[in-house]
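Q: So you can see what is in the structure, the chains are spelled out below.
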Amino acid sequence: MIKKMIVVLALVTLGVVGAAFAQTPKKGGTLVFGRGGDSVGLDPAYETDGNSFMICDNVYEALVEYKDESTELEPLLATSWQISPDGLTYTFNLRKGVKFHDGTPFNADAVVFSLGRQMKDRKLKFFGKGWEIPKQDRPPEYWVSMEMDNTVDSIEAKDEYTVVFKLKRVEAPFLANLGMDFADIISPTAFMKDPAAFVRNPVGTGPYKFVNWVKDDRITLEAFKDYWDKDKGPYMDKVIFRAIPENAVRFLELKAGKIHICQFPNAADIPLAQKDPKLWVPTQPGMNIGYLGFNHKKEPWKSNRNLRRAIAHAINRKAIVDNIYQGMGQVAKNCIPPTMWGYNNDVPGYEYNVELAKKLLAEAGYPEGKGLPEITLWSMPVARPYNPEGLKVGVAMIGDLAKIGISARIVSYDWGTYLKRQRQQPEDMDLFQLGWTGDNGDPDNFFAVLFDGLASEAVRTQWHHEGYHKLMLDGKQTIDQAKRAEIYKKAQQLMFDEVPVIPIAHSTVMWPAVKAVKNFKLHPTGSVRLKSVWLEK
Amino acid sequence: MVAFIIRRILIVIPTLLGVTIIVFLMLRITPGDPAELLLGERATPAALDAMREYLGLKEPLYVQYGMFIKRAVQLDLGETIWTREKVSKEIGQRFPATIELAVVAMFISCFFGILLGIISATKQYSWFDYVAMVTSLFGVSMPVFWLGLMLMLLFSLNLGWFPMSGRIGVETDLPIITNFFVLDAILARDGAALGDALMHLALPAMALSTIPLAIVSRMTRSSMLEVLRQDYIKTAKAKGLSQTKIVLKHALRNGLIPVVTVIGLQFGILMGGAILTETVFAWPGVGKWLFDGVVKRDYMVIQGGTLLVATTFVIVNLIVDVLYAVINPRISVK
Numbered sequence: 001m002i003k004k005m006i007v008v009l010a011l012v013t014l015g016v017v018g019a020a021f022a023q024t025p026k027k028g029g030t031l032v033f034g035r036g037g038d039s040v041g042l043d044p045a046y047e048t049d050g051n052s053f054m055i056c057d058n059v060y061e062a063l064v065e066y067k068d069e070s071t072e073l074e075p076l077l078a079t080s081w082q083i084s085p086d087g088l089t090y091t092f093n094l095r096k097g098v099k100f101h102d103g104t105p106f107n108a109d110a111v112v113f114s115l116g117r118q119m120k121d122r123k124l125k126f127f128g129k130g131w132e133i134p135k136q137d138r139p140p141e142y143w144v145s146m147e148m149d150n151t152v153d154s155i156e157a158k159d160e161y162t163v164v165f166k167l168k169r170v171e172a173p174f175l176a177n178l179g180m181d182f183a184d185i186i187s188p189t190a191f192m193k194d195p196a197a198f199v200r201n202p203v204g205t206g207p208y209k210f211v212n213w214v215k216d217d218r219i220t221l222e223a224f225k226d227y228w229d230k231d232k233g234p235y236m237d238k239v240i241f242r243a244i245p246e247n248a249v250r251f252l253e254l255k256a257g258k259i260h261i262c263q264f265p266n267a268a269d270i271p272l273a274q275k276d277p278k279l280w281v282p283t284q285p286g287m288n289i290g291y292l293g294f295n296h297k298k299e300p301w302k303s304n305r306n307l308r309r310a311i312a313h314a315i316n317r318k319a320i321v322d323n324i325y326q327g328m329g330q331v332a333k334n335c336i337p338p339t340m341w342g343y344n345n346d347v348p349g350y351e352y353n354v355e356l357a358k359k360l361l362a363e364a365g366y367p368e369g370k371g372l373p374e375i376t377l378w379s380m381p382v383a384r385p386y387n388p389e390g391l392k393v394g395v396a397m398i399g400d401l402a403k404i405g406i407s408a409r410i411v412s413y414d415w416g417t418y419l420k421r422q423r424q425q426p427e428d429m430d431l432f433q434l435g436w437t438g439d440n441g442d443p444d445n446f447f448a449v450l451f452d453g454l455a456s457e458a459v460r461t462q463w464h465h466e467g468y469h470k471l472m473l474d475g476k477q478t479i480d481q482a483k484r485a486e487i488y489k490k491a492q493q494l495m496f497d498e499v500p501v502i503p504i505a506h507s508t509v510m511w512p513a514v515k516a517v518k519n520f521k522l523h524p525t526g527s528v529r530l531k532s533v534w535l536e537k
Numbered sequence: 538m539v540a541f542i543i544r545r546i547l548i549v550i551p552t553l554l555g556v557t558i559i560v561f562l563m564l565r566i567t568p569g570d571p572a573e574l575l576l577g578e579r580a581t582p583a584a585l586d587a588m589r590e591y592l593g594l595k596e597p598l599y600v601q602y603g604m605f606i607k608r609a610v611q612l613d614l615g616e617t618i619w620t621r622e623k624v625s626k627e628i629g630q631r632f633p634a635t636i637e638l639a640v641v642a643m644f645i646s647c648f649f650g651i652l653l654g655i656i657s658a659t660k661q662y663s664w665f666d667y668v669a670m671v672t673s674l675f676g677v678s679m680p681v682f683w684l685g686l687m688l689m690l691l692f693s694l695n696l697g698w699f700p701m702s703g704r705i706g707v708e709t710d711l712p713i714i715t716n717f718f719v720l721d722a723i724l725a726r727d728g729a730a731l732g733d734a735l736m737h738l739a740l741p742a743m744a745l746s747t748i749p750l751a752i753v754s755r756m757t758r759s760s761m762l763e764v765l766r767q768d769y770i771k772t773a774k775a776k777g778l779s780q781t782k783i784v785l786k787h788a789l790r791n792g793l794i795p796v797v798t799v800i801g802l803q804f805g806i807l808m809g810g811a812i813l814t815e816t817v818f819a820w821p822g823v824g825k826w827l828f829d830g831v832v833k834r835d836y837m838v839i840q841g842g843t844l845l846v847a848t849t850f851v852i853v854n855l856i857v858d859v860l861y862a863v864i865n866p867r868i869s870v871k
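Top line first, the protein sequences correspond to chains A and B. By the working numbering, the letter at position 226 of the first sequence is numbered 226, and the numbering carries on one by one without gaps. Adding 537 to a residue's 1-based position in the second sequence gives its number in the working numbering.
Okay, chain B solo, but in the shape it has when bound (with noise of 0.2 Å):
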């Protein structure tokens, strides 16, 4: 097992200095140019040429990416060319809040998933399943941007029961440790912070977890299907064991395997950062960071963030093939 992590963690190497090569040259290629979209209308041609000469974007390219991978492996992704600040440190301040929305997002998905799948399979063709996967449907072809509009309409403007925007209130006086502001409520020992981030993480998590959960569901749905046909099942029922025992005890380990992949897969998506719903909910997240980044062509940000988002990719399905193994140790992991 431990000569298998580390042959997956040997592979990641390669893999992501693929993906900075890429990004890279994709970049260079495309058009757009970071001084001019800096200066705006009032640029003249001296003050681009500085501005160029100050981000380093005169030097030949194969410099430029020596200087990036240099860097990167002593951890400096360098500076935004927007900011001037740090890379890792705007990582820092913004991915947390973009691995609270994910964690959350995929524990309703999961949680509410993979019970309606279960039951589904269990009561196929009932009108239970009928409606489970009709509303599973229809969640995920909901644009999320929409949809967290009308959240916002129902829940916050007409009912008053959740915030409508922001991590946290205004008048919540929070001080930021981790910037996982509800382990920073917890640390705080603040429970009218911790509620009030609770609170805000409601809606968008919502919204962010139609597409996950509808995944989830049907493909619990057909993998339990596919399980519960097997003849072991049907020994299992003949030597009288309970409905419940059978789906939870000997059914859902097998039945979980392809869930699993499709989880982990759900869950690097979102650690990427939900663009749309991060904009929606004015949510300080990775995924909009990013996307600001692409349209100003700030090489540094789009860099850095996609490098952040290939690794956090590699390191989930990594935990998801392990995960394989503990499930069903029948499945070795050579």
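Just chain A, with the same shape it has in the complex (with noise of 0.2 Å):
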């Protein structure tokens, strides 16, 4: 008994250990990213794609970050926070012993420096001497868009690990605002020496620091040997971007062991990706969603809900999402992905019914479509994140609604144009598709700038309903994050009652990878963190 005993115990401690080692990090090594095109800059106030934030997402930090595969936030250079009664003020204790790349210190006075930077109106306190911060030179993109200057009064160091911020008004989303990648801290010494070089030339506290940039070539980083997290990472040499821009082509790239991972490839490589045994498929839902739109200021979509909802049962999504988004996607029941906190999953969704669509039409006033002029469908011309092909999924549904005796065509522009003319809410536009990445894991972030027409003429779908305003400026000045979620479930249960627009799909990322790369995570937010990767060598 006790021999068997024996062995059992040594069997367990063996596997214990043998699996310890197993996921022990090795360090060395330099990854080969391939991505479908260059930065354009890396000071992070002041981009707006993906390309640059990839790379500011490595060399450089914020005071929280959203955890690994979700949007719920943590301490990362701010090890706590306090969150005034009324809401208006946020004082942060902030990490002591960090560095920047170039070796000056992180304190509270970069933080006034990084963020006050992009104020319009400055009020700014420094702790030490500080700096005299140069105007800007150009519109800090996500602060504007954000409204963070409707937000933020003033930014203030009381000591050396101490900033407060004092707001104009309660906005619940302000501290997932500060996860983002314009909310990052860069070195005040660095950008001062140099202010019109600094985009071309990053300095952060992040876990890898930038080396050179042959433009539409490559971007290199290497590990930052005083990187504050060190148990976390880096653990390679170098990483390099490498800028592949035909898909085909990088996924050859990828197949002849020359890169390591690779970006958007097209559709049809996945399934040799999951078959190739030298590669895995890191797969992860986007925190995005792709739907089909109502102009509000025209009727019959602005009073007649029968018409809205015999249009949403009539869309085949299902065969949407299987043929067209190749499968890289999943039905959409609401406009928000089920990975966010906030998700109301009790909502029924419209399930695709032909008949069920007819009689709801027949109801609407329009029997067999008798009565209803031909309709225009709006579909966009370009690849987005949350659509691949808006032309073919007009087809798709123009399809559909024929079948309950809408006629419909498609209407097109290029992108910039279809961007501003829909905004416009013109007269020859009935449907639309459009879409949405969020930013920083807040639902405000869809439900209060993509519906709430009464929010402001901007909002691009123009759908007036006190009810949904009401719980939109309820979402923001409320500040626990479980009352919050129930506004924003209410707001989804009362948008499927209401069908303001018809959620169609959220895309599903995947970016195949060589089996040698370790604990790679793609991110909801679409953030490429290689802090904890490593090879295997």
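Hints listed in this document are in silico derivations from the structure and should not be mistaken for laboratory results. On a predicted model such as this, the values are computed, not experimentally measured, just so you know. C-beta atoms are modelled at their ideal positions from N, C-alpha and C, and glycine is treated no differently. Just to be clear, a hint being listed does not mean it is correct.
What the hints assert, rightly or not - Label-pair distances were calculated between CB atoms; the ranges are:
| id | chain 1 | residue 1 | chain 2 | residue 2 | range |
| --- | --- | --- | --- | --- | --- |
| 1 | B | 559 | A | 490 | 50 to 60 Å |
| 2 | B | 589 | A | 282 | 34 to 44 Å |
| 3 | B | 559 | A | 123 | 46 to 56 Å |
| 4 | A | 392 | B | 591 | 28 to 38 Å |
| 5 | A | 516 | B | 603 | 51 to 61 Å |
| 6 | B | 598 | A | 212 | 36 to 46 Å |
| 7 | B | 559 | A | 268 | 38 to 48 Å |
| 8 | B | 677 | A | 282 | 36 to 46 Å |
| 9 | A | 192 | B | 603 | 33 to 43 Å |
| 10 | A | 27 | B | 552 | 51 to 61 Å |
Said to hold, decoys possible - Calculated cross-link-like contacts (lysine to aspartate or glutamate; reagent style EDC-like; alpha-carbon spacing at most 16 Å):
| id | chain 1 | residue 1 | chain 2 | residue 2 |
| --- | --- | --- | --- | --- |
| 11 | A | 120 | B | 586 |
| 12 | A | 420 | B | 578 |
| 13 | A | 238 | B | 708 |
| 14 | B | 833 | A | 49 |
| 15 | B | 623 | A | 137 |
Claimed, not checked - Chain A regions said to be covered by chain B (calculated; three or more residues, Cβ under 8 Å):
| id | stretch |
| --- | --- |
| 16 | 214 to 220 |
| 17 | 426 to 436 |
Taking the hints as your guide, dock the two standalone chains into a single complex.
A: Pasting the structure below:
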């Protein structure tokens, strides 16, 4: 009996130790990341494209960060924070002993500098000598579009490791905003040395530091030897981001073993990657939504709910996901993806039911489509993260509508014109395809920005609903996340009932990699974090 | 000769001005707004307004054009809308890549094109002639895009003879001085880097050379056929000169005139940047840069880029005209 127990104990110990060894990250090596395009610039406050943020994700850090594979927040350069009961004062306690890549220390003044430089009205207070921050030579895109100037009143360094933000209004998503790339902390010393050159010579506190940039070819980073969170990385010596514009070629380079991770392969190559014994396919539902919107400034879309509902049940979304998204997506029930907090799983979603659609159409006053003139269905000509082929999806939808008797035609413009005209809610626009990729993992970023027509004329879906508007305002002004989750769940039920838009799909991101790449996880926000990634030799 | 060159250079100025006016106006007339494209779905009217103000797009057209020309004569082509980098710097980083590729591709197409053309002409209607012409027709018909992928599959993925894409391997550490990687490798006396740069040039140059090769070979063939029918060739034959001497010493110089024109035009086109080849082979040249500028409505990139292409074209054609006189002194350059 005892002998048996000893044997079992020995085996278990061996197993545990063996497993531990198997998971121990190996140091060294150079990771080559193949992406579809080059970065635009590397100053996080002024960039808007994923390829720029990809580098920022590894060179810089912010006060807070999103947890692995979720949008919950956790401390990063701030170790803790307190929010005043009235929701207008945020006090952050900063991490000590952190250095920038240029050797200068990270402290409260660096926070005041990095965020304060983006303010229109700079009410700042440095703890130490501080800096005379030069005037901005370009608008900080995200600071402006997240309306930070209407939110932040002042930023003050109370002491070397304490920063206080005073807000003008209660804004619950404020904390989540501080986890976005634009809120990354930069080295004030490096910036002040040459403000114009900083955008091409980034200096942050991140696990990898910038080495050089060959335009349209590659960006090279190397491990930062004095990184503060050494237990979690960096493990590799160098990371090289190569720009390979053609999707098929990028995938071929992966198969040839010349790159380790392939961003955005062609959908047709995914099954090849899944079959290849040398590759694996990291997968993540995208934090996005592709939807079909209505022009709420015109009848019958504005008032005829049954008509909107009829169309919702007529569209075969599963067929669209299977055939056009080629399986790289999931049918959407709500306008936020299931990975976000606040998702309402109780909403039934619009089932594909041609008979029900026909019935609703008749109830709407257009039996078999009679009386309804030909409608326009705007479709985008470019691939978007939430919609790989807008025109094909449009054609599929027109086919679905024809089945219930509604005749429709595709309208398209080049992307810039499409965006410009759609916002004007023109008379010749009935239905339009659009979508959104989330910025900060906060439901407000989807629900208020996209659908609350009463908030602003610029909102792309001009749905005017007092009840919804009130929910949006409550959501912004309630700090407690559990309470906010309830508010947004109500909003999703309301949207299901009123059909202001028809959610179509959330795309799924699949970036194949060679098996030697370990611990690489795709993040819902799309950020590419290589801090704890290592290469098996 | 010198007077001729100066006259030609003076004509360049109104030509280039004309190009800039047309491009400038067309850009402003065509739909598409760089601010809208920069900001995408998250553009708010306030953000768009701030962006347009910053980009100087709210000034009247003649002011914008005037500012562009004033800076262009000082060789300042402004800053790109997307990256805010100086256009001249962006060109300086990318043009050498295009030049390298164009030069190697033209070398391949001239060498093989002229050779094939001469042999085909001297052995007209032989099997060699047919094979050569059909092959060159094939080369010109296949889309470069597809051809590039096929070359990659065969020579890179399957045979492993050449690298697939890019200008140089990730492991190669080359100090970049001139941005001509071949030249930089020679300057650094780095044999391995030189080899690596040349290997990376192989596939894209091969793909890019197929069209000029076909054109040059056919042009050479028909031009040589024309020349070989001339009386003085018959005389030379009668005098007992060898075929080689006839072709190379007497026929070629005259036969080459139209070929040189074609080579000049093709070279000018290649220097404008081979967009498809650059995209497929991830070759960071001006072609792809200019194309991206068009898609993003980056007015400064498009204006600067087209001015570059127009200037290159004009210079190449000037050189071609001068070469005529060199090849055949009887052609005066009045």
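Q: Hint by hint, say whether it matches the structure.
A: The hints, checked one at a time:
Taken as a hint, the range 50 to 60 Å holds for the pair residue 559 of chain B and residue 490 of chain A, whose Cβ atoms sit roughly 57 Å apart. Separated by about 40 Å at the C-beta atoms, residue 589 of chain B and residue 282 of chain A satisfy the suggested range of 34 to 44 Å. Taken as a hint, the range 46 to 56 Å holds for the pair residue 559 of chain B and residue 123 of chain A, whose Cβ atoms sit roughly 50 Å apart. Range check, residue 392 of chain A to residue 591 of chain B: Cβ separation about 37 Å, and the 28 to 38 Å hint holds.
In this structure the supplied range 51 to 61 Å holds for residue 516 of chain A paired with residue 603 of chain B, their Cβ-Cβ distance being about 57 Å. For residue 598 of chain B and residue 212 of chain A, the hinted distance range of 36 to 46 Å is satisfied, since their beta carbons lie about 40 Å from each other. As the Cβ distance of residue 559 of chain B to residue 268 of chain A is approximately 41 Å, the hint placing it in 38 to 48 Å holds. For residue 677 of chain B and residue 282 of chain A, the Cβ-Cβ distance of about 43 Å falls inside the hinted range of 36 to 46 Å, so the restraint holds.
With their beta carbons about 35 Å apart, residue 192 of chain A and residue 603 of chain B fall inside the hinted range of 33 to 43 Å. Between residue 27 of chain A and residue 552 of chain B the Cβ separation comes to about 60 Å, which falls inside the hinted range of 51 to 61 Å. Distance restraint check for residue 120 of chain A and residue 586 of chain B: the Cα-Cα separation of roughly 15 Å lies within the 16 Å cut-off, and the hinted pair is therefore satisfied. For the given pair, residue 420 of chain A sits about 9 Å from residue 578 of chain B by alpha-carbon distance, which is consistent with the 16 Å threshold.
This hinted pair checks out: residue 238 of chain A and residue 708 of chain B have alpha carbons roughly 11 Å apart, not beyond 16 Å. Of the pairs offered as hints, the one joining residue 833 of chain B and residue 49 of chain A holds, with about 13 Å between alpha carbons and a cut-off of 16 Å not exceeded. Taking the CA atoms of residue 623 of chain B and residue 137 of chain A, the gap is near 14 Å; set against the 16 Å cutoff, the hint holds. Chain B is given as covering the stretch 214 to 220 of chain A, and this holds because 5 residues of the stretch bring a CB closer than 8 Å to a CB of that chain, at least three being needed.
Counting residues of the stretch 426 to 436 of chain A whose beta carbon lies closer than 8 Å to any beta carbon of chain B gives 3, which meets the minimum of three for the stated coverage.
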